[in-house]
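*Asks:* Protein sequence lines correspond, in order, to chains A and B.
Taking the working numbering, the leading residue of the first sequence gets 1, the next gets one more, and so forth.
Taking the working numbering, the leading residue of the second sequence gets 1, the next gets one more, and so forth.
Incorrect hints may have been included.
[Unchecked claim] A few chain B residues facing chain A, derived, Cβ under 8 Å:
no. : residue
1   : Cys12
2   : Gly46
3   : Leu74
[To be verified] To spell it out: a stretch of chain B is covered by chain A in this simulated footprint if at least three of its residues, at any positions, have a beta carbon under 8 Å from a beta carbon of chain A; those stretches are:
no. : region
4   : 21 to 34
5   : 54 to 60
6   : 64 to 73
7   : 81 to 90
Rather than coming from a laboratory, the hints here were simulated on the basis of the structure.
Backbone N, C-alpha and C define an ideal beta-carbon position, used for all residues, glycine too.
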Amino acid sequence: MAFTICHILLALSLVMAAWRLFKGPTVADRVLAIDLLAAITAGAIMLHAIDSGAPVFVDVIVVLGVIVFFGTVALARILTRDS
Amino acid sequence: MIMKETLVDIICVLGSLAVFLAAFGVLRLPDFFTRTHAATKASAFGIGCFLLAACIVFPQPNVILKSIFALIALFLTLPVASQALADAVRPRSDAVDGEGGEKQ
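With the sequences and hints as input, model every part of the structure.
*Replies:* Next up, the structure:
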């Protein structure tokens, strides 16, 4: 029951972050929305790990966080260079 | 043990509520800097809650060490990323306008 509530909340968060990604007035808003989408995906992966009893998914969180960090910093550098 | 499952349920609902509030803030707040504020802090708290729940569910030492490492990596990288993004936006004076941030 509680995991169903968590999944519904995370799905609504995905829809809202994707709407900001679609609408976002500036490029920085879209980069922020991608960052948030990765955080929501990490939350969903952790929820699946807890629900199914497979602790290997904690590694996925580490790798996802580092890759998204590099992506965000690279896009921020590109924005700095362009402005 | 029934206590442990209830605790895990409460922590998971708290974490997903934090992530939901982050997404709601990103959708509804007026300009870019307030959106950065909402996204970074609330999503860090949400993923931290999920990692704490994983530590309670899987009490093996390697899972706890990996969770602590993931938490440290997350808390080091999220503020740096949002700082870099805000530094990229800051020179433009019309980024803060307080009324929707719609004008380019």
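*Asks:* Looking back at the hints listed earlier, which ones does the structure fail to meet?
*Replies:* none
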